[in-house]
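K.L.:
Each chain, written out:
4 protein chains.
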Amino acid sequence: MLVVMKHGASREDIDRVADTIREMGYQAEPIPGRQRTAVGLVGNDGRVEDGRLLTLPGVLRVIHVSQPYKQVSREWKPDDTIFELANGVRVGGRDVVLIAGPCSVESEEQILRTARRVRAAGATILRGGAFKPRTSPYSFQGLGREGLELLALARQETGLAVVTEALDAEGVELVAEYGDIIQIGARNMQNYALLREAGRAGKPVLLKRGMSATIKELLLAAEYILLEGESRVILCERGVRSFDHHARNLLDLTAIPSVKELSHLPIIADPAHGTGRRDKVPPMARAAVAAGADGIMVEVHPDPASALSDGAQSLTPDQYDDLVVEVTAIARALGRSIARPAESAVAEG
Amino acid sequence: MLVVMKHGASREDIDRVADTIREMGYQAEPIPGRQRTAVGLVGNDGRVEDGRLLTLPGVLRVIHVSQPYKQVSREWKPDDTIFELANGVRVGGRDVVLIAGPCSVESEEQILRTARRVRAAGATILRGGAFKPRTSPYSFQGLGREGLELLALARQETGLAVVTEALDAEGVELVAEYGDIIQIGARNMQNYALLREAGRAGKPVLLKRGMSATIKELLLAAEYILLEGESRVILCERGVRSFDHHARNLLDLTAIPSVKELSHLPIIADPAHGTGRRDKVPPMARAAVAAGADGIMVEVHPDPASALSDGAQSLTPDQYDDLVVEVTAIARALGRSIARPAESAVAEG
Amino acid sequence: MLVVMKHGASREDIDRVADTIREMGYQAEPIPGRQRTAVGLVGNDGRVEDGRLLTLPGVLRVIHVSQPYKQVSREWKPDDTIFELANGVRVGGRDVVLIAGPCSVESEEQILRTARRVRAAGATILRGGAFKPRTSPYSFQGLGREGLELLALARQETGLAVVTEALDAEGVELVAEYGDIIQIGARNMQNYALLREAGRAGKPVLLKRGMSATIKELLLAAEYILLEGESRVILCERGVRSFDHHARNLLDLTAIPSVKELSHLPIIADPAHGTGRRDKVPPMARAAVAAGADGIMVEVHPDPASALSDGAQSLTPDQYDDLVVEVTAIARALGRSIARPAESAVAEG
Amino acid sequence: MLVVMKHGASREDIDRVADTIREMGYQAEPIPGRQRTAVGLVGNDGRVEDGRLLTLPGVLRVIHVSQPYKQVSREWKPDDTIFELANGVRVGGRDVVLIAGPCSVESEEQILRTARRVRAAGATILRGGAFKPRTSPYSFQGLGREGLELLALARQETGLAVVTEALDAEGVELVAEYGDIIQIGARNMQNYALLREAGRAGKPVLLKRGMSATIKELLLAAEYILLEGESRVILCERGVRSFDHHARNLLDLTAIPSVKELSHLPIIADPAHGTGRRDKVPPMARAAVAAGADGIMVEVHPDPASALSDGAQSLTPDQYDDLVVEVTAIARALGRSIARPAESAVAEG
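Residue numbers (the numbering used here), protein chains in the order written: chain A, 17 to 365; chain B, 17 to 365; chain C, 17 to 365; chain D, 17 to 365.
Bound-form chain A, shown alone (with noise of 0.2 Å):
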């Protein structure tokens, strides 16, 4: 950490620095500048509170040098996080994982349909929403429980491993008993209460960027979780808030190679969430595969037009097997492969 003076700070008001940071317990070094003088304060162990400095006379401000996340650092951890899940898909690796299905879960034969349909083209995860956080309480809010078990019966027709979202502390126990993946959603990227609840239920989380989150809070939203002792966090780009409404988001596709250097955490994106329009989808999935994504999440329906939710950026399946097709060939061009489901998985399915 690096405390900056103003131009005309005085001898006593650097030595006032200096002082504090030591009674803080840390080491305190001088910088002396052409134009002003700095404090670097060592030692920071992530835990430092600017409050204290930054109020002291002649301080100009305090810069950050050190991140204040750790365990989901690639400094703390060099090599890529590599997970299996139950179907024996490897989430992480070398090979890219398709995750498609509804927006909402809806009938058992909306559901199984999809399944059957995204798992033909080659997904290897189904999701679907049985609790559904929506910005107007007018809105359709899910099938809760009775949309878990139809999560569960696909699950079981088709080896498909299951992510899908929970909003609360009893929906993180259901989803835990029903799915393989615990979704957070972009509107609860900062729900502390629900990533601690969600770090405990012992199945992998996919956690997705807030709708205005940096980088750096979103790490440390899945720092929250790591702490609780769950290192299998799928981090998620759905696009974030913009001036141009040209699309529902603007999908930050820069953010999969930025986390990459910073994280050894896998990143998918979503590009249905992230632009909001079916016509959007595959030129931004491909895009997303070939910034290096471990994973695409896109929104696939029997007859988009009567979805309960999100139909207008959901894909036909026909559209799905023609994406499926181009971001495999996207993939091969990188000397990357889609990830398939292992042997047993698939003969059970």
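No lab work stands behind these hints: they were computed from the structure.
Check before you lean on any hint, since a few could be wrong.
Copies of the same chain look alike in the list, so a pair counts if it fits in one copy or across any two.
[Stated by the list, open to error] The calculated DSS-like cross-link candidates involving lysine-lysine, where the alpha carbons are at most 30 Å apart (straight line), are:
id : residue 1 : residue 2
1  : 232       : 93
2  : 219       : 93
3  : 232       : 22
4  : 22        : 276
5  : 219       : 22
6  : 22        : 93
7  : 232       : 219
Model the placement of chains B, C and D on the given structure of chain A, informed by the hints.
P.N.:
Quick look at chains B, C and D alone, frame taken from chain A:
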């Protein structure tokens, strides 16, 4: 709702849109234009999902004419919402309410000293965090129930009403027991489970705008609370994300007249979180009152340099005294005054 | 255009709006709704000023249904704009165009070495700044006319076409004399005097998106150029401002399919300015091609560490070789190829 | 400047950074930390290009401690810049300056009527566009030189000083001839050729913040003007781009205390462009004065409904009268007053 057709949309495309609207149970009203045709959907009750229409051939985009919120809107209730707290302070009326206190409750001495000083200066509501949502899991997380007990003690001693944040269902229950107003923080503005709990707790709710929430989303979040039966909701502008980090957040004071136009709910400003630096708090607090805010919430700490959180944006008690003099003068210039507690409450205090 | 009335607008208010529309020379078409009435303005030729209507009593807001641009729109010209440069390279068609070169022209040796290397790698257009718009007046401002002469020399030696930026009317004339494509930078996207000059210079124009320009504003800026008679315009996505500074800008690749939907003009991406860090350039260049970009512009410097500007985002020639191999593979996976110069031009080179 | 090394940077990496710094002509000062080493660059004169250092092996990032601007900074000149216009009005001192007038000059009657009314209300500077930068080429572009002649006539009749925008070199010359203050608009904040022309024209310059310009970029743009010898620069906050379109722009009033901390230049606010709606102008004008603005620029039109541009954000003369009463009361509450013209100028008017 208006479905805008593409330039070259065929007669068939237009008819299909009209038929679909009728099938959904609404009236269709084609409006021919010079460059393109649009089809109006008449009878929108705020529950129309546009996904089905967006996906029809020939459709360019769907424009929402009606707002999706109801009970929070000024059209639903033209008169300002005004209500009285336990200590007789009226919120939402002609008077400007002053809320002050430390970021976190740290000790009995700290909270009592602060409460007495801010009350002497003119504040009528005490703020102080017992449960702290922190971006980093390594930061101070609050004293919990003990903090609530100290707040209750300060209330008893001073007659100040107490506002403090709840992070989960259990917290809502505790805050409702010990405090006067339940605060929902910016990170939880779209934590719908929490909003519902707060709406059922029988106490007024202070709802902070999310870090990148639109005014529309803020009002929809408040709608969740009103739908549970709690109409005493105070909205709070506390700054939004911006590309420029000259301040911690970008305090959007235009939100004040915008909310007042759209809704009957009171709105206050939090210039401490909105700017992040002590020296920016007084000018922005003054500006908020000048813009028409119904209240001002600021952080005051007897010794900011030793605060466990947010010290850099906390005022000293002396600085707070000066600020109250300034905002009082501005309120008067606009024909308002500073809210006073009821006589009896003062006597008790 | 649609004039939406407030909930309680009176019959008189609605009539006044309709009368005003007729007075302005258009047709008025009232559309009754369940919650509110709207009045359609029919016959909008893109020149309607909404100010007059917005200010009438009872008006809530005005919704623009038609886009304000014309000649740049796909509705005006459904087929993609494709054109050929002096060296036979076709822009806007099936092939992806590679543009490469240093940020600034620094010396004869530097520009010739770079030109030969990028041409060998597969580039067909050479970039290099002679006039540099710099945020700080103390930064290197470019070699000016001497830089243009060096670019012309490099063109003669290699057969590469040359694109370089103009900052004012005099610069447009010089760039049109020495170069093949006139670049308008992000800071000047709404410098309308400059856009008009560029549109009259008789050379194709490369127009970069402004730092916080919407797609609509980008298309309107291009409209200024087309209106002067120059239809050979290449749009360029180069990243926009964001709240998160994990990269220099937020590269908005969804702009590529969005522009392709709305306009017939070719669009390329600039991942160097879009990210600001060399290690992010290859993944984002690949992503741009995967998203459907018609070209990729990157910075290549024989010795980035000694570059006078933007060294941190410049690739070495070896890194560029690798990048071309990757984007070629992705282009092929999507049924496209990399643009080649005409045989004759190669022979000359 | 501080070069932060990666966690695992080798001794050699660190030495190479130090050597490079010395080679560039500065002192190197290694600072060992607990998690990582940093190397300070001492002697930074504001011209250091960080590209060379960023690209060295083992470097994580480069932190700029010094600000790149000089003459605009408060460290360069601690006292506020105060100057007097031709009509005796002092800008930048204790008094708040009122600037008012129509968006565009439309006719002799319109500009004279407006000038007389705003002068009677208390304004001392007349605004009015003769050259209009318009997003769409199909919008009204201003009366040009005729508009300037009408402004000069209004000045002669009323004693008001005149501020009006210049779009190019020729415009700067004309505005300097007919007006008192040359306005550089938001779209041209980084049009460096124009900034230099304005800085050489011998008249004060009103520089508006760009639509997504940081405070640092605004100050660097002003530095271009000061470097040409013109120190009478007025900065203007006029709203920035935001994700929420509840208002046309997001008026960033915290920019006022931020600029006052960093620079000695006066700063005013433009709440009309900052909000885009007439009903938001009075509250935000009041808020700007409360936040410490040195002036307020608003649009006033005798008949907003028939304005050729920006009618929706223009006040009527009666509304302006009310606003002046309010801002006068707020200025007084803060110990300031509204600027008055010199006696002689009033007599002339």
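K.L.:
At most 30 Å between alpha carbons: which applies to residue 22 and residue 93, within, between, both or neither?
P.N.:
For residue 22 and residue 93, the Cα distance is within 30 Å only across copies (14 Å; inside one copy 38 Å).
K.L.:
At most 30 Å between C-alpha atoms: does residue 22 with residue 276 qualify within a copy, between copies, both, or neither?
P.N.:
Between copies, since 15 Å is at most 30 Å while 37 Å is not.
K.L.:
Treating 30 Å as the Cα threshold, decide for residue 219 and residue 22: within, between, both or neither.
P.N.:
neither (50 Å within a copy, 33 Å between copies)
K.L.:
Reference check for the pair residue 219 and residue 93, CA-CA at most 30 Å: within, between, both, or neither?
P.N.:
Classified as within: same-chain Cα gap 21 Å, cross-chain 47 Å, threshold 30 Å.
K.L.:
Please sort residue 232 with residue 93 into within, between, both or neither, judging by C-alpha distance up to 30 Å.
P.N.:
Classified as within; 17 Å inside a copy, 37 Å across copies.
K.L.:
Is it within a copy, between copies, both, or neither that the alpha carbon of residue 232 lies no farther than 30 Å from that of residue 22?
P.N.:
both (28 Å within a copy, 17 Å between copies)
K.L.:
If the cutoff is 30 Å on CA atoms, where do residue 232 and residue 219 land: within, between, both or neither? Let me know, please.
P.N.:
within (24 Å within a copy, 36 Å between copies)
Hint compliance for this structure: hint 5 alone is broken.
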